[in-house]
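Peer 1: Model the full assembly from the supplied sequences, consistent with the hints where possible.
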Amino acid sequence: MNVLVLMESGDPSRQALTLARKFGDPRSVRMDAIQPFAPDALAAALALAADQLNVSAVFAAGTDRGNEVMARLAARTGLPFAANCIAVTPGDPVEVTRLRWGGSLLEEGRLHSPRALITVAPHTVPADTGPAPAELDLKPSAGSDLVVRVSDHVAPANGGVSLTTAKVIVSGGRGVGSKEGFAIIEELAGLLGAAVGCSRAVTSAGWRPHTDQVGQTGTKVAPEVYIACGISGATQHMAGLKGAKRIVAINSDPQAPLMLNADYTVTGDLKEIVPAITAEIRKRK
Amino acid sequence: MRIAVCIKRVPITGGRILLTDDARAINTQHLGFTMSPHEECGVEEAARLIEANRGDSVVLTLGPPEAVEQLRDAMALGVDRAIHLQTDGQEWDAEATASALLEAISADEAANGPFDLIFFGNESADSGGFQVGIRVAYSLGRPCVTGLKKVTLEGSSVRCEQEVEGGRDVYVVPLPAVLTVKEGLNLPRYPSVPGKMRARSKPVAVTTPTRPAPRLELVRLAVPAGQGRRAESLGIGATAAPAVVEVLRQAGVL
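Protein sequence lines, in the order shown, are assigned to chains A and B.
Going by the numbering used here, the first sequence opens with residue 1, and the numbers climb by one from there.
Going by the numbering used here, the second sequence opens with residue 286, and the numbers climb by one from there.
FYI, nobody ran anything at the bench for these hints, they're computed from the structure.
A few of these clues could be false.
[To be verified] DSBU-like mimics (lysine-lysine), calculated; alpha carbons at most 35 Å apart, straight line:
1) B/LYS481 - A/LYS139
2) A/LYS139 - B/LYS434
3) B/LYS434 - A/LYS245
4) A/LYS139 - A/LYS242
5) A/LYS271 - A/LYS167
6) A/LYS167 - B/LYS481
7) A/LYS220 - B/LYS434
8) A/LYS139 - A/LYS285
9) A/LYS283 - A/LYS139
10) A/LYS271 - B/LYS487
11) A/LYS139 - A/LYS167
12) A/LYS283 - A/LYS220
13) A/LYS179 - A/LYS22
14) A/LYS167 - A/LYS245
15) A/LYS179 - A/LYS220
16) A/LYS271 - A/LYS220
17) A/LYS242 - A/LYS22
18) A/LYS242 - B/LYS435
19) A/LYS179 - A/LYS245
20) A/LYS271 - A/LYS242
21) B/LYS435 - A/LYS245
22) B/LYS435 - A/LYS220
23) B/LYS435 - A/LYS179
24) A/LYS139 - A/LYS22
25) A/LYS283 - A/LYS271
26) B/LYS487 - A/LYS220
27) B/LYS487 - B/LYS434
28) A/LYS242 - B/LYS434
29) B/LYS435 - B/LYS487
30) A/LYS167 - B/LYS487
31) A/LYS139 - B/LYS435
32) A/LYS245 - A/LYS139
33) B/LYS481 - B/LYS435
[Said to hold, decoys possible] Ranges between beta-carbon positions, derived for each pair:
34) A/ARG30 - B/ARG309: 17 to 25 Å
35) B/ASN312 - A/GLU186: 34 to 42 Å
36) A/GLY130 - B/LYS487: 53 to 61 Å
37) B/GLU388 - A/SER9: 18 to 26 Å
38) B/ARG339 - A/ASN54: 48 to 56 Å
39) A/MET1 - B/LYS487: 27 to 35 Å
40) A/GLN52 - B/LYS487: 48 to 56 Å
Ideal Cβ placement from N, Cα and C applies to all residues, glycine included.
Peer 2: Rendered as structure tokens:
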């Protein structure tokens, strides 16, 4: 049997390939095969290729683009689609384990479909190290599939250290108390060359912009050190922290979920502790 | 202008998720409920567009009788009326949810004319299927743009900004269109007391769709094993500062 894989550059697609090989001999379509990006045209090309090769499954990485194109393929072909899987067993039905709540919960499910459409949650399975699958040539797209296409690009607002690439993140939660309260967080972050992050409670209150939010509906981060100040650690927030190497939690409540799920904890008032850390670093420099 | 927005009632999970005895659902006995965060921004956007352009806005949800709370919340933010696709609380998969919503949207359009815009969340907070809005758009034969952080009306088109690595991609599509949005699109207003009062008397139409057999069938839920972080105490209060700095030094970031 053949299996089709929608490939992007980067590890997540190689990870998707690992699970795809369980379904057969992989062939690939590149995410950037149609330029500028036009997701309906890509879905149409996948649908055609899937029929021609009579594949048992189509795989993609569970990235924004991967989930989007696969959902369009599912809608176009009238098939069910399982997003963000971490394990799959071929068969009828296909057994899947997939992420819910941004990874805070697992769902074991059965996919009843003549052709399994599956995305693989990034960084949950090892990357395939085998030879790259043969790439398919695509036919020109129909005009109606090009209505939705990228027509322009806006560069990111230039502001400080990016959350996604920061080595250190100093992050504040409801416990910071106010917009002004972030001054001590910013001071410490500035000294460390760190990015400033925050929890959803903070952006909902309007203290920080949404671009600073770490969590399920914000940014997923992977710093060497994440310093969480006055953040309780709701599942919404923890879903964004799974990639952090070390978590230091500062909280007045030693039973806060983040205090129980951190590597290091400091119990007490962040308004005293954060400036004390800043002063200690200055002293050593 | 006519706008529809689709939302989902989800529990506020707090710090730790507990499951029911049969492990097929979250134990929500002690939990509050809300609408999915992305969708709250969809509701706010719909309310703002109708305030600016006048017209009719409708909020739809598929969910148990209690989901009327989230419909009232959306109407408190400014949406004019609601359609409640009432279930008995069983899980509906994304495909079935999309076809029930499609039927309700098509019925409303047959009576009142087409919606210029239909908003969805990019993905629900709980099941995270990434597909309901796209399925509805395909069935209606309308363009769909996903994951939006900014939406601007430009005459008979809509300009959409989608967050991607290294900035934002821009799409311009003709109306009518289906848009799936993400949190950060706007900052939803806090519902006012008069807004909540008005929401109580706004109309809620109820239908009871039949649940088809799911083709993505939920068998069981499981809470993943913790990451095994050791929660080592560095001390209490400001006296712990040197120990924190030592952690930073050992991590090689100082």
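Peer 1: Next step is simple, just say for each hint if it's right about the structure.
Peer 2: Evaluated hints:
no. : hint                            : verdict
1   : B/LYS481 - A/LYS139             : 54 Å, violated
2   : A/LYS139 - B/LYS434             : 32 Å, holds
3   : B/LYS434 - A/LYS245             : 29 Å, holds
4   : A/LYS139 - A/LYS242             : 41 Å, violated
5   : A/LYS271 - A/LYS167             : 23 Å, holds
6   : A/LYS167 - B/LYS481             : 45 Å, violated
7   : A/LYS220 - B/LYS434             : 17 Å, holds
8   : A/LYS139 - A/LYS285             : 61 Å, violated
9   : A/LYS283 - A/LYS139             : 65 Å, violated
10  : A/LYS271 - B/LYS487             : 46 Å, violated
11  : A/LYS139 - A/LYS167             : 44 Å, violated
12  : A/LYS283 - A/LYS220             : 33 Å, holds
13  : A/LYS179 - A/LYS22              : 51 Å, violated
14  : A/LYS167 - A/LYS245             : 10 Å, holds
15  : A/LYS179 - A/LYS220             : 23 Å, holds
16  : A/LYS271 - A/LYS220             : 26 Å, holds
17  : A/LYS242 - A/LYS22              : 27 Å, holds
18  : A/LYS242 - B/LYS435             : 28 Å, holds
19  : A/LYS179 - A/LYS245             : 28 Å, holds
20  : A/LYS271 - A/LYS242             : 26 Å, holds
21  : B/LYS435 - A/LYS245             : 33 Å, holds
22  : B/LYS435 - A/LYS220             : 20 Å, holds
23  : B/LYS435 - A/LYS179             : 24 Å, holds
24  : A/LYS139 - A/LYS22              : 28 Å, holds
25  : A/LYS283 - A/LYS271             : 19 Å, holds
26  : B/LYS487 - A/LYS220             : 39 Å, violated
27  : B/LYS487 - B/LYS434             : 29 Å, holds
28  : A/LYS242 - B/LYS434             : 24 Å, holds
29  : B/LYS435 - B/LYS487             : 28 Å, holds
30  : A/LYS167 - B/LYS487             : 50 Å, violated
31  : A/LYS139 - B/LYS435             : 33 Å, holds
32  : A/LYS245 - A/LYS139             : 45 Å, violated
33  : B/LYS481 - B/LYS435             : 27 Å, holds
34  : A/ARG30 - B/ARG309: 17 to 25 Å  : 39 Å, violated
35  : B/ASN312 - A/GLU186: 34 to 42 Å : 40 Å, holds
36  : A/GLY130 - B/LYS487: 53 to 61 Å : 58 Å, holds
37  : B/GLU388 - A/SER9: 18 to 26 Å   : 41 Å, violated
38  : B/ARG339 - A/ASN54: 48 to 56 Å  : 53 Å, holds
39  : A/MET1 - B/LYS487: 27 to 35 Å   : 54 Å, violated
40  : A/GLN52 - B/LYS487: 48 to 56 Å  : 52 Å, holds
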